[in-house]
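My request is simple: use the sequences and hints to build the entire structure.
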Amino acid sequence: MAEFASLREAYGKALVRVGKMNPNVVALDADLGKSTFSRTIMELGEERFVEVGIAEQNMASLSAGMALSGKVPFFSSFAVFSTGRAYDQIRSSICIANLNVNICGSSAGLSDYGDGKTHQSIDDIAIMSVLPNMTVFVPVDANQVDGMVEAMMNYQGPSYIRIPRNDLPVVTSPGAYRIGQVDVLKPVGEVAVFACGGAVHDALTASEKLSDKGIRAGVISLGTIKPFPVEEVRKIASGAKGVVIVEEHNVIGGLGSAVKSALAGMPLKIDHLGIEDQFGQSAENYEVLLETYGLTAEDIENRIQSLMA
Amino acid sequence: MSAQEELILHLKKKSVLMRMDLLEMLEPGKVGHLGGSSSMIDIIATLYFHKMNISASEPKNPNRDYFIMSKGHSVPAQYAALAEAGFFPKKEFRKMKTLGGMLQGHPDMSTPGIEAVTGSLGQGLSVGAGIAYSLKIMNGWSNQVYVACGDGEMAEGQLWEAASFAACYKLSNLTMFLDQNSLQACGPCSEVMCIPDLAAKWSAFGWDVIEIDGHDLAQIINALNHDSGTKPKAIVSKTVKGKGFSFAENVVGFHNGAMTREQYETARNDLESLWEELN
Numbered sequence: 001m002a003e004f005a006s007l008r009e010a011y012g013k014a015l016v017r018v019g020k021m022n023p024n025v026v027a028l029d030a031d032l033g034k035s036t037f038s039r040t041i042m043e044l045g046e047e048r049f050v051e052v053g054i055a056e057q058n059m060a061s062l063s064a065g066m067a068l069s070g071k072v073p074f075f076s077s078f079a080v081f082s083t084g085r086a087y088d089q090i091r092s093s094i095c096i097a098n099l100n101v102n103i104c105g106s107s108a109g110l111s112d113y114g115d116g117k118t119h120q121s122i123d124d125i126a127i128m129s130v131l132p133n134m135t136v137f138v139p140v141d142a143n144q145v146d147g148m149v150e151a152m153m154n155y156q157g158p159s160y161i162r163i164p165r166n167d168l169p170v171v172t173s174p175g176a177y178r179i180g181q182v183d184v185l186k187p188v189g190e191v192a193v194f195a196c197g198g199a200v201h202d203a204l205t206a207s208e209k210l211s212d213k214g215i216r217a218g219v220i221s222l223g224t225i226k227p228f229p230v231e232e233v234r235k236i237a238s239g240a241k242g243v244v245i246v247e248e249h250n251v252i253g254g255l256g257s258a259v260k261s262a263l264a265g266m267p268l269k270i271d272h273l274g275i276e277d278q279f280g281q282s283a284e285n286y287e288v289l290l291e292t293y294g295l296t297a298e299d300i301e302n303r304i305q306s307l308m309a
Numbered sequence: 001m002s003a004q005e006e007l008i009l010h011l012k013k014k015s016v017l018m019r020m021d022l023l024e025m026l027e028p029g030k031v032g033h034l035g036g037s038s039s040m041i042d043i044i045a046t047l048y049f050h051k052m053n054i055s056a057s058e059p060k061n062p063n064r065d066y067f068i069m070s071k072g073h074s075v076p077a078q079y080a081a082l083a084e085a086g087f088f089p090k091k092e093f094r095k096m097k098t099l100g101g102m103l104q105g106h107p108d109m110s111t112p113g114i115e116a117v118t119g120s121l122g123q124g125l126s127v128g129a130g131i132a133y134s135l136k137i138m139n140g141w142s143n144q145v146y147v148a149c150g151d152g153e154m155a156e157g158q159l160w161e162a163a164s165f166a167a168c169y170k171l172s173n174l175t176m177f178l179d180q181n182s183l184q185a186c187g188p189c190s191e192v193m194c195i196p197d198l199a200a201k202w203s204a205f206g207w208d209v210i211e212i213d214g215h216d217l218a219q220i221i222n223a224l225n226h227d228s229g230t231k232p233k234a235i236v237s238k239t240v241k242g243k244g245f246s247f248a249e250n251v252v253g254f255h256n257g258a259m260t261r262e263q264y265e266t267a268r269n270d271l272e273s274l275w276e277e278l279n
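Chains A and B supply the protein sequences, listed in that same order.
Using the numbering used here, you'd call the opening residue of the first sequence number 1 and step up by one each time.
Using the numbering used here, you'd call the opening residue of the second sequence number 1 and step up by one each time.
Hints were generated in silico from the structure; no laboratory data involved.
Source: prediction; values computed, not measured.
By construction, the Cβ of each residue, glycine as well, lies at the ideal position given by its N, Cα and C atoms.
Distance windows between CB atoms, simulated:
hint : chain 1 : residue 1 : chain 2 : residue 2 : range
1    : A       : Gly70     : B       : Ser246    : 43 to 51 Å
2    : B       : Ala155    : A       : Asp31     : 19 to 27 Å
3    : B       : Arg94     : A       : Gly70     : 32 to 40 Å
4    : A       : Asn98     : B       : Asn61     : 16 to 24 Å
5    : A       : Arg234    : B       : Gly86     : 45 to 53 Å
6    : A       : Asn22     : B       : Arg94     : 37 to 45 Å
7    : B       : Val252    : A       : Ser261    : 45 to 53 Å
8    : B       : Ser246    : A       : Gln278    : 56 to 64 Å
9    : A       : Gln156    : B       : Val31     : 34 to 42 Å
10   : B       : Ala56     : A       : Leu268    : 51 to 59 Å
11   : B       : Arg94     : A       : Asn98     : 23 to 31 Å
Structure, rendered in structure tokens:
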């Protein structure tokens with residue numbers, strides 16, 4: 001059993017690490033810095049953390065101003081707020097100007113299970129991906145958060161990182177993350193499962209179960225949704241007969257849209273598990289929500305079996 | 001002539017030249033934001049040709065002062081100042097808002113001297129506050145940041161988020177000009193969305209507020225020189241939409257309208273007469 005680690009804590013630690021390397025790194029938050037762990041950067045000095053109050057639109061445009069005056073801002077809030085609430089500010093102040101502003105969407109997907117549909121982001125990947133100049137990351141574990149934060153700092157343009165509230169198993173080694181990096185966590189057999197974030201771990205569990213039944217399902221973590229690694233994904237899929245996509249996001253506009261677009265014209269059976277164009281809801285725990293929306297390891301296992309039957 | 005009188009004459013001449021530049025950008029029949037550009041001219045002339053530390057040869061000098069046109073549709077007034085200051089040649093004026101032109105319809109980073117993308121209203125003060133925070137709080141520098149907002153723009157809630165932030169963080173290096181020309185796209189500001197007592201509102205948000213006639217150069221200079229202590233400064237400036245273009249003054253239709261050939265010639269004759277008076 002792999003060790004679990006918090007991606008939120010990893011985000012805070014990563015800010016401190018890159019903040020030591022680069023004195024221009026500054027973190028902003030809209031009264032959720034204790035939850036996103038962005039406040040951790042205060043270890044480097046009070047002025048390195050900017051409490052903006054509950055004003056996400058201002059936070060996005062402030063970050064643009066900081067980037068325009070030589071800083072490397074990282075702003076964070078829950079994913080619904082840091083993306084949707086500030087969408088036009090991200091579009092106009094940040095993306096049109098192509099600034100090195102880095103956005104963190106925390107408690108993303110269904111992971112804020114208790115707070116319900118207003119707080120569960122099922123659209124953040126879609127609305128960030130559709131913006132020209134934006135780069136979009138979905139880390140698979142805490143180590144990858146660290147590598148991605150450094151890549152975001154170094155990349156001279158806007159970027160978005162999606163962080164879940166829950167801890168996840170550690171499946172990658174510490175180290176640099178290359179934009180567009182594809183992690184083949186289990187080699188492809190007759191099936192290739194493309195997933196991102198927490199869904200990768202459920203896909204790994206499903207793959208293990210299926211191997212007992214004689215079905216070899218590879219598991220690929222796609223940590224960069226944009227720019228999407230089209231050629232690499234096509235190459236990986238060409239070795240399989242069936243492709244299954246899993247994401248904790250609306251089936252419209254997320255990982256699945258990117259994978260299916262990349263695989264256009266290939267002779268493959270394809271299935272896609274995601275949230276079927278609906279909002280979430282409150283639940284007593286995270287797992288029951290995954291069951292409700294058909295995103296558990298068992299669901300993945302069943303869908304792969306059906307696809308290959 | 002006193003130094004102050006000489007300065008004012010110098011700025012008056014710049015203002016006339018900049019209004020003439022607007023004519024170059026907006027030939028007869030070409031739709032553009034003449035009203036809100038002309039109401040800002042005297043303020044922008046004072047900033048670019050008296051107050052701000054800027055240099056066309058080093059547009060990205062870290063010691064420079066910053067100007068952000070939050071009411072981005074009035075960017076022709078800034079284009080006029082930038083060209084007069086040598087940031088780009090005046091031959092670009094005629095290509096404004098044409099395909100591949102350097103001068104976009106709203107402020108864009110591709111234009112030398114433009115500091116931020118604006119146009120979606122309400123965002124420029126936040127951008128300016130972000131710059132002001134970096135310069136003052138993080139760097140400990142004394143550069144100044146100037147932002148121009150419109151009175152129609154005051155309906156954008158984000159401005160008030162920025163107002164709180166700037167006062168809370170004591171951004172005394174930030175100055176906001178409110179171009180109070182009292183008209184917006186669909187009519188008088190008071191009818192589109194009544195927002196009374198703007199000066200009192202900015203004061204209540206913790207800003208040092210100075211009320212002036214935005215076409216009186218001495219008042220603009222004095223307001224800029226006023227020491228606001230640790231507060232950010234709001235210069236609430238009564239202006240005339242279409243100022244200097246007799247047919248356009250206080251006319252809603254010139255928020256974004258086109259001049260006829262006759263109106264264009266009238267404006268040119270008026271401005272040339274004014275120029276001769278000043279020389």
